[in-house]
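Novice: Letter by letter, the chains look like this.
There are 2 protein chains.
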Amino acid sequence: MLYREWEKFLKQPTILDVADRAGVSKSLVSLVMREPDRVSDASRKAVLDAAQELGYRPNAVARSLVQRRTNVIGVILSDLHNPFFADVADGIEDAAFQRGYRAMLSSGFLDPNRERGAIETMLELRVDGLIMLGSMMKVVDIEKVAASLPVTLLGRHTRSKVVDSVGVDDSAGAEAAVDYLVSQGHSKITHIHAGSAAGSPRRRIGYEKAMRRHGFGKHIRLVKGAFTESGGAKAMTTILESGDLPTAVLAPNDFAALGAMETIDSAGLSIPGDISLVGYDNLALAALPRIGLTTIGQPRVDLGRDAVHLILERLDENRESARHLVVPPNLVVRATTGPPRVHSTGL
Amino acid sequence: MLYREWEKFLKQPTILDVADRAGVSKSLVSLVMREPDRVSDASRKAVLDAAQELGYRPNAVARSLVQRRTNVIGVILSDLHNPFFADVADGIEDAAFQRGYRAMLSSGFLDPNRERGAIETMLELRVDGLIMLGSMMKVVDIEKVAASLPVTLLGRHTRSKVVDSVGVDDSAGAEAAVDYLVSQGHSKITHIHAGSAAGSPRRRIGYEKAMRRHGFGKHIRLVKGAFTESGGAKAMTTILESGDLPTAVLAPNDFAALGAMETIDSAGLSIPGDISLVGYDNLALAALPRIGLTTIGQPRVDLGRDAVHLILERLDENRESARHLVVPPNLVVRATTGPPRVHSTGL
DNA sequence: CTAGCCATATGGAACGTTCCAATTGACTAT
DNA sequence: ATAGTCAATTGGAACGTTCCATATGGCTAG
Chain R
691 MLYREWEKFL
701 KQPTILDVAD
711 RAGVSKSLVS
721 LVMREPDRVS
731 DASRKAVLDA
741 AQELGYRPNA
751 VARSLVQRRT
761 NVIGVILSDL
771 HNPFFADVAD
781 GIEDAAFQRG
791 YRAMLSSGFL
801 DPNRERGAIE
811 TMLELRVDGL
821 IMLGSMMKVV
831 DIEKVAASLP
841 VTLLGRHTRS
851 KVVDSVGVDD
861 SAGAEAAVDY
871 LVSQGHSKIT
881 HIHAGSAAGS
891 PRRRIGYEKA
901 MRRHGFGKHI
911 RLVKGAFTES
921 GGAKAMTTIL
931 ESGDLPTAVL
941 APNDFAALGA
951 METIDSAGLS
961 IPGDISLVGY
971 DNLALAALPR
981 IGLTTIGQPR
991 VDLGRDAVHL
1001 ILERLDENRE
1011 SARHLVVPPN
1021 LVVRATTGPP
1031 RVHSTGL
Chain W
691 MLYREWEKFL
701 KQPTILDVAD
711 RAGVSKSLVS
721 LVMREPDRVS
731 DASRKAVLDA
741 AQELGYRPNA
751 VARSLVQRRT
761 NVIGVILSDL
771 HNPFFADVAD
781 GIEDAAFQRG
791 YRAMLSSGFL
801 DPNRERGAIE
811 TMLELRVDGL
821 IMLGSMMKVV
831 DIEKVAASLP
841 VTLLGRHTRS
851 KVVDSVGVDD
861 SAGAEAAVDY
871 LVSQGHSKIT
881 HIHAGSAAGS
891 PRRRIGYEKA
901 MRRHGFGKHI
911 RLVKGAFTES
921 GGAKAMTTIL
931 ESGDLPTAVL
941 APNDFAALGA
951 METIDSAGLS
961 IPGDISLVGY
971 DNLALAALPR
981 IGLTTIGQPR
991 VDLGRDAVHL
1001 ILERLDENRE
1011 SARHLVVPPN
1021 LVVRATTGPP
1031 RVHSTGL
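As given, the protein sequences belong to chains R and W, one line each in that order. Every letter in the first sequence is one number past the one before it in my numbering, and letter 299, counting from 1, is 989. Every letter in the second sequence is one number past the one before it in my numbering, and letter 303, counting from 1, is 993.
By construction, these hints were calculated from the structure, which means they are not laboratory data.
It does not matter which identical chain is used: a pair holds within one copy or between any two.
Straight line, CA to CA, 20 Å or less: simulated EDC-like cross-link-like pairs of lysine to aspartate or glutamate: (1) Lys-701 <-> Asp-1006; (2) Lys-924 <-> Asp-964; (3) Lys-701 <-> Glu-1007; (4) Lys-716 <-> Glu-814; (5) Lys-834 <-> Glu-743.
Computed from a predicted structure; not experimentally measured.
Construct all of the structure, not just a fragment, from the sequences and the given hints.
Specialist: Now the structure itself:
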């Protein structure tokens, strides 16, 4: 038993040890592990018993080497702290597991260089596919990676011919928000946008489109902010100082909405009494007491599942051409929206 | 070039391809990759150039097989969504990377069975060490795992002789909270606890100890809640309905504090005017506008770093006996605490 | 009694590295 | 000239699996 006592951890038993003890060949043991049905009852029992007694555990490293396949899907999260990514990662792990794969997560630390390093590690580890959540890298660089393995870009849109993508229809989300506000009686709806940051342009387009569709083109008003709390706060300050108050504000995401909320609060105005506020992303914090932010939700777990399926289509079904999936978002109504005060209901 | 066109992805070049092209032996190539200094300048350049031209990337799977070491540390997060774990994971990835290791994250989905499965996968993958963040499993089961590799338990205390642990001094944190409240003039401080849930007993002990130390033993009051928002809300309701209001409440964690906050709000009482409130954990949400929760912070990144070091001590320095690290927490003062109203300042 | 078949089981090569003992050859000291 | 030294390099044996072509042996049909 302790025949190698000088080793800190006992040498793990191999398939050969099991074969010896069971009195069969290593090939048979291997077969029992992979396709138990193809083996006679007696052998199967002998092997299984021996494996049990020795505490044998297949060595995935050796298996991967000969199979040239690790059954691992690499996932690079640009930011571990983003709760949106955490949800998506859950969906990924789940879907991967059900198809016999494992997910290996790694953080990109919001830094393209560290992200690049994380990818390099994944490639050395020979993961079978790569899912990038909110990557900070340039698409051309990602396309180079896609020469070695299937890559899916999640949460970013692309028309690439080699990397797949799955994203949310940001335009539709913004439209839904405007539609809802209009249904509540709003017409003076201002949009804080985040410039050309990922996702923002499409949200802006949806906003403008919906405003025009409702005949409120003249009320379109865009204020530059950012995807951050302070970006939202500054933009809101600009709006308040302009003196021309809208009855509703559509923020580019929940963080910005939070900043706007703070600004409105400290100006002594009420939400939604004076101004209705809508965020985007439906982060967990949007549901917190005292916050209760109306926002646009994204089917996160579905996104994860879809990303895995895209990888597996290339791996197991030999798909060659890129696919780009777009899933629709949904509106989540909470406490920061309501009808505008009567005197401003227009008409 | 496309000599294997039928393959979806080009066969990756191996060390042999590089050796051929550089006109040297495979052993030399291997040496260049590992210890470039031991090779003549000419050979080094030839090999590096050849590798570059072929796009060679070392195969970590093959290397791991022969070295019987993967240079990967497995990390099981009981819950990906817990922002506390995300911070710690950051610290782990960072520290591991600096020591030449990679971290492989996996979620336990808050379910002991799935956690068990995640461990099994890690073991098959032959990770070199395992860090468990907030594990839901029994310590005896984890100790069995520790027979195969070094295991560090993080965020849970244990006296185990085989698994290491690193945790926060929960008792000291609760003491610090009480000390601060007393310094503000409070004496009627009530503690909502979470029964025997991980961490709660120590926090309660710290509370009681500090209360006695200040001579407020008679004001010790414990109300059973839980580590959840609803748990905090219910406990707070109990307190309010008792009619005997404390001037300050120490919640078992931030979520519970949030629930308590909601209850106090809807009772029409003010924070901190009527009741000061202290949480525990310093989650990101504690810093949000409108929330501004005073709470006990934990040095998360340090925790991660320490956990990695514990693993590496066993791996690289042959430590045999278990170590249990305890790091001190720190108080973060925000808006939910202040002096009690004058009429209740006691004396 | 022989041929053929089928289910079951086997040995050896391969996967892409690292490790180690052994080889080479230039140079130095005698 | 000869032996010794040293740096640089090499070939072959591992590592623990899977895969594949082949062997074994009992059974059935002629």
